[in-house]
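A.B. asks: Using the hints provided, position chains B, C and D relative to the given structure of chain A.
Each chain is listed here by its residues.
There are 4 protein chains.
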Amino acid sequence: MTTTNFGMIGLGRMGANIVRRLARHEITSAVFDVSPDAVKVLAAEGAVGSVDMADFASKLATPRTVWVMVPAAVTDSTIAELAKHLQPGDTVIDGGNSYYKNDLKNAELLKAQGINFVDVGTSGGVYGLERGYSLMIGGDDSVVASLDPIFKALCPGIESAPRTPGRTGEPEQAEYGYLHCGPVGSGHFVKMIHNGIEYGMMAAFAEGLAIFEAADEMNPAYELDIPAITEVWRRGSVVASWLLDLTAQALVESAELTEYSTQVSDSGEGRWTVQAAIEAGIPAHVLSASLYARFASRNNDEFANRVLSAMRYKFGGHNEKPQSGNKA
Amino acid sequence: MTTTNFGMIGLGRMGANIVRRLARHEITSAVFDVSPDAVKVLAAEGAVGSVDMADFASKLATPRTVWVMVPAAVTDSTIAELAKHLQPGDTVIDGGNSYYKNDLKNAELLKAQGINFVDVGTSGGVYGLERGYSLMIGGDDSVVASLDPIFKALCPGIESAPRTPGRTGEPEQAEYGYLHCGPVGSGHFVKMIHNGIEYGMMAAFAEGLAIFEAADEMNPAYELDIPAITEVWRRGSVVASWLLDLTAQALVESAELTEYSTQVSDSGEGRWTVQAAIEAGIPAHVLSASLYARFASRNNDEFANRVLSAMRYKFGGHNEKPQSGNKA
Amino acid sequence: MTTTNFGMIGLGRMGANIVRRLARHEITSAVFDVSPDAVKVLAAEGAVGSVDMADFASKLATPRTVWVMVPAAVTDSTIAELAKHLQPGDTVIDGGNSYYKNDLKNAELLKAQGINFVDVGTSGGVYGLERGYSLMIGGDDSVVASLDPIFKALCPGIESAPRTPGRTGEPEQAEYGYLHCGPVGSGHFVKMIHNGIEYGMMAAFAEGLAIFEAADEMNPAYELDIPAITEVWRRGSVVASWLLDLTAQALVESAELTEYSTQVSDSGEGRWTVQAAIEAGIPAHVLSASLYARFASRNNDEFANRVLSAMRYKFGGHNEKPQSGNKA
Amino acid sequence: MTTTNFGMIGLGRMGANIVRRLARHEITSAVFDVSPDAVKVLAAEGAVGSVDMADFASKLATPRTVWVMVPAAVTDSTIAELAKHLQPGDTVIDGGNSYYKNDLKNAELLKAQGINFVDVGTSGGVYGLERGYSLMIGGDDSVVASLDPIFKALCPGIESAPRTPGRTGEPEQAEYGYLHCGPVGSGHFVKMIHNGIEYGMMAAFAEGLAIFEAADEMNPAYELDIPAITEVWRRGSVVASWLLDLTAQALVESAELTEYSTQVSDSGEGRWTVQAAIEAGIPAHVLSASLYARFASRNNDEFANRVLSAMRYKFGGHNEKPQSGNKA
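Protein chains in written order, with my numbering: chain A, 1 to 328; chain B, 1 to 328; chain C, 1 to 328; chain D, 1 to 328.
Treat the hints with caution; some may be incorrect.
Each pair may be met inside one copy or between any two copies, as identical chains are not told apart.
In silico DSBU-like links for lysine-lysine, alpha-carbon gap of 35 Å or less [stated by the list, open to error]:
id : residue 1 : residue 2
1  : Lys-101   : Lys-111
2  : Lys-84    : Lys-101
3  : Lys-105   : Lys-84
4  : Lys-59    : Lys-111
5  : Lys-101   : Lys-59
In case anyone wonders, no lab produced these hints; they're calculated from the structure.
With the rest of the complex left out, here is chain A:
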């Protein structure tokens, strides 16, 4: 049987693909998931399967490194359960989208057992398997350094982008696509802001393209080809970006995007980013607005709108019954 000291708990899209990318770099993983089927799939690809956490831990050589990649809601309980099966010198990596303040608590609990904690903000989504993952890492220097082979296998690598003008000599860690950001929590902190920025960029595109979509109301001669516009911007324009690439791709497949929802979810990072901005006293108009637009997309603005209609009725006698087709 293969011997490894690296394990993955949580075999969703992200966790499974991280295992696969590591395998391509000849790092074998022990794996566990609450779904036995998910374990089977990975085991069939060469990973070391397990039936429960005790089994999982027993299949890892020490000192163990366990990457936990589960939904934020069960991260704490998963880590607590896992800790029962670990021993001093082992390391737990929280690679999920956890709140950075929570990392401090988990690190404290594990430290009492002599277990190390490292937080890794992981960006890359469904493309990570092929493109590699952008990794933002928080933890003690020596612990993070010991995990370098893992991070190097997962990161996109230096050749994935042209070198930044002004950088010379031996490449720094960041140029490979992973970064030890600072002490525990700082990896998730940096990832949190990353996602906050992502919300803002997404909203900028969404608002701009929506003006195009409505442009024929302003000037009937403007029947703009939005798929072609996003395509032309991919080359030589200031807004060229991976998000634009993906948008152009979605629009080629579906010019009206009618199969996509008008309700947009938000995860914790967008909310935490705004809270961090407020704690720091930094104006964050754009990051907040992009979050609120998602709230409104899910109709969380209904009571507020009723208040407005009630006021309008009271002072102006405006008839505020729902109007169908009222667009502009």
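C.D. replies: Relative to the frame of chain A, chains B, C and D by itself:
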């Protein structure tokens, strides 16, 4: 037959009540409206009815003063038609919600005929008949001065608010509730900003009350009595205001406001205010956001939201199908 | 010596005036403050002075009611110190601007000693002595009920505003200007949102008036009299409000407001309101924007602006050195 | 002497580099600029210099194509002057940052003389010479088609980005980096929205990085290396973009960005984008906020802030004198 040189064109809620308030101050109006029924109602109350514009003009002693109170969309055509029946020395008042830049054009056209133009921004809504109207007036000094009896009859009057500390001696015009703001257009300009501020204040209340409405999701023990809260704020709090009075009134009648629309209209002033802010280079985050929230209330954010969902699907594989009941 | 079971700790502007207003309603207070001079002033007006907390507690008949009105930063330590001198059945009121989540902790600590806790959000500012205070109260039913004489003495009273149409019969508590909002914390929660709304309303006025101030750049003929405009709106307009009254008053004294700072502080409530909105998933564009504008007023936007200038230089070669007098 | 029918008026950074890029594709330009020195530089590189517009026109073979690349403020007068020297069948290209509504006027004027008009929104900045320019083109089909060799020489080319998945067969025009968007004005319309989106994306990065810069106030252990963070995001992250590349580059040179201005200019496009959004009734929170942040960076928020301070003083007695060092 009563002789008068004051006429009103447009007998909607505002126009009709202005005629009535003037009548209480013994100023008789000649009246015209495209609806003969509207004319009949006012004629039955003592106004001088008319069947068309020529008839209307003929019933006015010269120099005539004609207050035009029609929807913005037909203001220009109404004034153009009216002008055919007027003569040099007459005065046209545009009392509607017209764009201040448009006033300059109408004033120019009328001036070529020797006819004066005055723009009056009129606030007060359905309460104006009893409370009086706040009047913001633009036009030449002598023309505006000659209309003082009209404005004095319509305004709320000095006793309608306690005197501002620091003001002494003979009250100024503004303390009566009307103000000659400056040259043609300035009345509508001031009214436009008034409405922009109104949008912002309304949105502040709406957002705050909406947090109350959702508070039980944060803390189930918080079953807040929103009607009582708005009532308590009416006395001694910093947010005491007429809008709060009206909100408290609406909530007493309907604690959930369920009979009011979740779609909120916007008129020109909110839009023009933002455009003026941009022309002047003044940050107007609040005024703009309150306008956009109304756009979103009418689902004008749908395409933008589809763009967001498409991006999320592309980079994260997020399933962005409509979720029912997704509230927070 | 006067016997009383009501005491006030913290004799700043608010605390001192609450003592004075109670005295007008024949409720004597024992008083304490870290400043002996502050104690002396109130003692000279008839309050029962004290030299330390033990002395303060000893001068109160039991069961004691102690209103704590100290800066948020020292509220917890003051309550903890005070509790050492209290006994079961006593009640502590936190009347300051505390975070509602903090109330739950203090209530818990006091409850362990059999001491009651009530939180009171207090609005009214420097005008409260004369106008009365708007009181938003959280706590157990029986405890809050027992304090009714205090609240009734402090509140503005039913006659301070015309009755809301639709309200009939025996007036409810809220119509006097005080309200038992719910369990512990709910008083500060309601006050928090009140202040959030206040921020939004203030910003709406500030943005609108700033457009007036810049209007002469758009149209040199518009030399608008901003003091007169705010005065005219006080009567009959939709934006009539106490904040407008105060603004009109400030502008009468100083049309350019040049003696006021361009840096605007913010206290906890504005920040907590936004955080509550985010927790509840409610769009709060206006409340957030008004908070961020204050951050920016204190130049907390400087690094962000340097980032923008750096980008502009890099892609466009724009010379982004400080420009003097660059207004629009 | 070289014969050419292509001329460039306006030899600033953009105009000169367009001439140079065309020269690399063996298209010679006649050139004119109000600065004789600017003409000399290009003439030395092989362009056909001229001393005034008449001379310029005389050096062009007919039918002439003249690209006008001058500041927006002088575009109209330049085109009007140029038109005097042109003849039916010639074509004028406005390649500057003009307002799309203005294009319609210029097209009308030129059409009366039988001269064609084409508007080209040109993105690419200082990098355009090497990377090529993203071109957004408005005009009549046949006229635009006849200019294809020009656009093909200027555009980045198909190889400048990987093909969008889902696109197959013969590449469309947009895949080369230029696009005929629609009738006159539509090129500048699309470029306008491009720049609006650019503002929003820039602000998203600026706000996020500013939180990093202030993070040590929240957690002293967070001494984040912002240059390294922007570098790590360049590979595999969702926010990867050209703007990020440039930001990473600026930060490598200057981690604090201290040599860049805290005052950020804005050009017409950002303003026009918001106005277009309002005309179309589309919520544009992010695009507007990014514009207003630039206004505030130039202290255009000063009067608004004084209004806030005045209110705070009036209701709360808050001492609102400038505070130095007030950061959070």
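A.B. asks: So, for every hint listed, does it hold in this structure?
C.D. replies: Evaluated hints:
| no. | hint | in the structure |
| --- | --- | --- |
| 1 | Lys-101 to Lys-111 | both (16 Å within a copy, 29 Å between copies) |
| 2 | Lys-84 to Lys-101 | both (23 Å within a copy, 33 Å between copies) |
| 3 | Lys-105 to Lys-84 | both (16 Å within a copy, 32 Å between copies) |
| 4 | Lys-59 to Lys-111 | within (23 Å within a copy, 51 Å between copies) |
| 5 | Lys-101 to Lys-59 | within (31 Å within a copy, 45 Å between copies) |
In terms of the numbered hints stated before, the structure departs from none.
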